[in-house]
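Trainee: With chain X held as given, fit chains F, V, B, R, H, D and P onto it using these hints.
There are 8 protein chains.
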Amino acid sequence: MSDWTVYLSGEIHTDWREQLVSAARDLDLPITFTGPVTDHSASDDCGVTILGDEPSPFWKDHKSAKVNAIRTRSLIDRADIIVVRFGDKYRQWNAAFDAGYAAARATPVITLHEPDLTHPLKEVDAAAMAVARTPEQVAQLLAYVIRGELAR
Amino acid sequence: MSDWTVYLSGEIHTDWREQLVSAARDLDLPITFTGPVTDHSASDDCGVTILGDEPSPFWKDHKSAKVNAIRTRSLIDRADIIVVRFGDKYRQWNAAFDAGYAAARATPVITLHEPDLTHPLKEVDAAAMAVARTPEQVAQLLAYVIRGELAR
Amino acid sequence: MSDWTVYLSGEIHTDWREQLVSAARDLDLPITFTGPVTDHSASDDCGVTILGDEPSPFWKDHKSAKVNAIRTRSLIDRADIIVVRFGDKYRQWNAAFDAGYAAARATPVITLHEPDLTHPLKEVDAAAMAVARTPEQVAQLLAYVIRGELAR
Amino acid sequence: MSDWTVYLSGEIHTDWREQLVSAARDLDLPITFTGPVTDHSASDDCGVTILGDEPSPFWKDHKSAKVNAIRTRSLIDRADIIVVRFGDKYRQWNAAFDAGYAAARATPVITLHEPDLTHPLKEVDAAAMAVARTPEQVAQLLAYVIRGELAR
Amino acid sequence: MSDWTVYLSGEIHTDWREQLVSAARDLDLPITFTGPVTDHSASDDCGVTILGDEPSPFWKDHKSAKVNAIRTRSLIDRADIIVVRFGDKYRQWNAAFDAGYAAARATPVITLHEPDLTHPLKEVDAAAMAVARTPEQVAQLLAYVIRGELAR
Amino acid sequence: MSDWTVYLSGEIHTDWREQLVSAARDLDLPITFTGPVTDHSASDDCGVTILGDEPSPFWKDHKSAKVNAIRTRSLIDRADIIVVRFGDKYRQWNAAFDAGYAAARATPVITLHEPDLTHPLKEVDAAAMAVARTPEQVAQLLAYVIRGELAR
Amino acid sequence: MSDWTVYLSGEIHTDWREQLVSAARDLDLPITFTGPVTDHSASDDCGVTILGDEPSPFWKDHKSAKVNAIRTRSLIDRADIIVVRFGDKYRQWNAAFDAGYAAARATPVITLHEPDLTHPLKEVDAAAMAVARTPEQVAQLLAYVIRGELAR
Amino acid sequence: MSDWTVYLSGEIHTDWREQLVSAARDLDLPITFTGPVTDHSASDDCGVTILGDEPSPFWKDHKSAKVNAIRTRSLIDRADIIVVRFGDKYRQWNAAFDAGYAAARATPVITLHEPDLTHPLKEVDAAAMAVARTPEQVAQLLAYVIRGELAR
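Those protein sequences? They're chains X, F, V, B, R, H, D and P, same order as listed.
If you count the first sequence from 1, you need to add 2 to reach the numbering used here.
If you count the second sequence from 1, you need to add 2 to reach the numbering used here.
If you count the third sequence from 1, you need to add 2 to reach the numbering used here.
If you count the fourth sequence from 1, you need to add 2 to reach the numbering used here.
If you count the fifth sequence from 1, you need to add 2 to reach the numbering used here.
If you count the sixth sequence from 1, you need to add 2 to reach the numbering used here.
If you count the seventh sequence from 1, you need to add 2 to reach the numbering used here.
If you count the eighth sequence from 1, you need to add 2 to reach the numbering used here.
Since the hints were derived computationally from the structure, they do not count as laboratory data.
Any given hint might turn out to be false.
[What the hints assert, rightly or not] Taking lysine to any residue pairs in the SDA-like style, the calculated list, with each CA pair at most 20 Å apart, reads:
1. Lys62(D) with Gly54(V)
2. Lys91(V) with Pro122(B)
3. Lys91(H) with Arg19(H)
4. Lys62(P) with Thr51(P)
5. Lys91(V) with Glu116(V)
6. Lys91(P) with Pro122(P)
7. Lys62(V) with Gly54(D)
8. Lys62(B) with Ala153(X)
9. Lys62(P) with Val50(R)
10. Lys62(D) with Leu119(R)
11. Lys91(P) with Thr51(P)
12. Lys62(X) with Asp28(H)
13. Lys62(H) with Pro122(P)
14. Lys62(F) with Gly54(B)
15. Lys91(X) with Thr136(X)
16. Lys91(P) with Asp41(P)
17. Lys62(R) with Asp41(R)
18. Lys62(F) with Phe60(B)
With the rest of the complex left out, here is chain X (with noise of 0.2 Å):
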């Protein structure tokens, strides 16, 4: 069976994204996680530092968020599956929003969350494929949709 390429967005501030990659690795699966600069502060300041400052903090976020774009985008675009992340912490609008951009591509999402979140989220969720709540989770999701085993 041929390669996968498996989107991670969201949550930037927990170590989920290893987690699961980690997971993914101990079953061997053929895929390429991509995902956003986690780097926050590399995402926060990458327009001003490539291309110039903003005195305005305004146009500083917006010059980086276009730029970061270009990226999400673009791998995004290119993703069999987007698995989206929303944690307890910020507001994590970005992670709503790569899952409408996801949801209208008719790109298979993916959520991760705890359940006191079910109610907020329940639009992105409903947009889903699957719901999950730990990244072994979603990295047994990955096994079977790519080999058709499920472990039990």
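Mentor: Chains F, V, B, R, H, D and P in isolation, oriented as in the chain X frame:
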């Protein structure tokens, strides 16, 4: 010039839609405004009320969110422009989801929020064609876009 | 709010379409209902009656099925929503085909069937935005989706 | 000539896939065959096994059907050709759904079924590019399509 | 049922369009018929007459063909159904081009030609939803497709 | 024949639009003409006037250009045909941008310019369906395309 | 520079494909050439040989034409460029069909024919990016397009 | 991370492409750079050199522009990102055309120009994801987008 359809996404617990519709009416703009169901309890209960009860909160939410999505996706798909309002309460992930969905379909997005949300909304604003602070500004944007006349 | 078009696919030997249209009329919903030709013998014979006889049953069916497809594809392509009814008689593969066709085009699907068909229809229901049991429920779903009002 | 991908949809309780793959191997065809998970119980249980149990049979089915859909949609989207097998047992609505989905995406469909299913499958066959009776015929079709050589 | 648009492509030196339009009018069908410019010399000369003469026959033809294409592509793009007529005179490659163009856009094609053209037209007929012999048959097809009533 | 929408892109400091609209009115053509805001200072100032001042000329331009793009993209998306006028003054990169945008969407483009711009406009003209020299020629093209009648 | 795929459509009773492939090989171009089955009798018989005989010539042709279409549509869909050859024999409606199909998908078309076919092919040539007279010219076009080097 | 393709559009009389490619090579970026034919006379003459002379300058330009478009459209269609360079000489309408074409296809655009072109390029810049001043900045943008590492 032919009529326009504008979808109003986001915050449902303030009267920003009424303010915007009223301002547009004062300007006599040829706009059909659409939007999600803004009666919060109807929106939460539509699934179980129509299709039968669910013991689990997850599936209750899921059923309602999907029924609401029939409406919201259909209306966003028909809209020429989508206005997305973010307020300071609640997480409003569905608003960000709508913005991502519209952006992927190349429907122009206007965001509407206070300056203090600039940083967390930077990715959404980066995908928007205009970032407004008040419903009156949105009405003026629509007047300019549709009529080509700039009030000074 | 502008008018809606709803395509009614599936079972043709019961009066579920009449029940649904009547319920929608009682609610005064601004819907144009469309659907396949429900006169079974006309549907079976249209190809050979108009275009000339065929000795082989396969090509007789083929000719008619293609003529019917001009109608059904055109009307599904124009529909805002498609309702797909599965009954307990016949195999109704055309209903499932329509659901798959609509799903690929991102047209919202509402399925309508008894609970005992839940397991064999699980893939179709998984692609649906709502699973209803009665034509009245479908009418209420449409009323909610179009008007945003929830009768309790 | 470059490699081809062929998705094998439908009937999972006979060995038609093995027969077809074996016939294609004998012909040394450069084909990657894909398909749904054919372990019936894995397919039924994947949702609850990975993501947690459900008391309701409907949601159990729903969860699994969506997980399976991540796989089936992704693989159908990548396929050059889809073969859809209908047998005499079970209702196989998912096979007809796949055919409709592929037809809407303009992916060529080959159906595979006995002559006694001609009438109920007429709409599906009308959307197909070929209607075969045996896996060997499908292998010969693929050999002709890919190599351009006709064995007589 | 809403109105339909049917584009009439192909042969311009017989009165098949008039026969078809007349037959459709007798049946009171809600159809807007469109088609290419059927005044042969206007069609040949439009480019140089409006935009200036060309010494080379190639560029004279090129200029006119492109001006005609503004019309034909626009009208085919708007059509619900395209009827393509092939006669026994001239090469009519533009008719086959239109059929290929419509097929790629999934617009249903009805071909209209005598049986002696069956072999050279087999690829075009294979992409058609119906193959008719007379304008009256096309009118009956349209009546059935639009009204769902089969005259016997 | 149904109505047509024609978008008039490019040069805003001459009266070519008025000449074209007037010529079309004389021919009684069923056309809705649309276009960008042609009040130069309104077009430059709309962003800062409505949404608030900017100290930097770059962001002032940026804000206005995006607000104008809501209008221009929406109207080009709705147009059946786009006419793009290039004059001898200014760089008019936005006109060439519009032509590229329309070409990618397969909307027919008519260019309007003097012969001395032939060489620098060769890529744009190569993507056009007609290259006209005067607004009267464009009106005659539209008359021919819409009515199928060629004035000689 | 990455590899290119070029589909060779049209005339099958002369050796223009061999001439073109040979000329491209001499230029060492990184091209995969594809095309329809050029064994005329295999192309005519594939349907009935593989899938079973047909008493009617129409359905014999129909079966084969659809089987051939699985190949031709798939290969045209994968092609970067399509070359369409028209000769002076036979009607070659399938070649014009392929050109229309490719044009609708925005795949660049190069036509190849003698000057005496200019008038009947004017609509097809108008949709082409280049009109060549010899296979050697096509090879030189491909060399220029791919390598960017012009032999003089 | 997989390889990227970046198309370099615009100005051909300075060495900005070489500077950018060299800067990217220094950073060891996994990028395939593509672009138009930058040999000006080859680009002007390709049509008549390969396909035969034209007495009219218009058609000479037209023939070459279409041959070049086979290359440029194909390469832009394959690109992940397009960089568009505007200089102070010539009108460079083809660069703006490419930007519009890419924007309509949602391919991310990076513009590269001096600050004095800000006003005339405002519509193009408004559609860009980044506006750079030097090839080195573009190389740094690509390094950040592809590797996610920000050099400070």
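Trainee: None of the hints should be skipped; say for each whether it holds.
Mentor: Here is how each hint holds up against the structure:
| no. | hint | in the structure |
| --- | --- | --- |
| 1 | Lys62(D) with Gly54(V) | 17 Å, holds |
| 2 | Lys91(V) with Pro122(B) | 12 Å, holds |
| 3 | Lys91(H) with Arg19(H) | 16 Å, holds |
| 4 | Lys62(P) with Thr51(P) | 10 Å, holds |
| 5 | Lys91(V) with Glu116(V) | 12 Å, holds |
| 6 | Lys91(P) with Pro122(P) | 14 Å, holds |
| 7 | Lys62(V) with Gly54(D) | 17 Å, holds |
| 8 | Lys62(B) with Ala153(X) | 17 Å, holds |
| 9 | Lys62(P) with Val50(R) | 18 Å, holds |
| 10 | Lys62(D) with Leu119(R) | 14 Å, holds |
| 11 | Lys91(P) with Thr51(P) | 27 Å, violated |
| 12 | Lys62(X) with Asp28(H) | 53 Å, violated |
| 13 | Lys62(H) with Pro122(P) | 13 Å, holds |
| 14 | Lys62(F) with Gly54(B) | 17 Å, holds |
| 15 | Lys91(X) with Thr136(X) | 17 Å, holds |
| 16 | Lys91(P) with Asp41(P) | 17 Å, holds |
| 17 | Lys62(R) with Asp41(R) | 17 Å, holds |
| 18 | Lys62(F) with Phe60(B) | 13 Å, holds |
Of the numbered hints listed earlier, those contradicted by the structure are 11 and 12.
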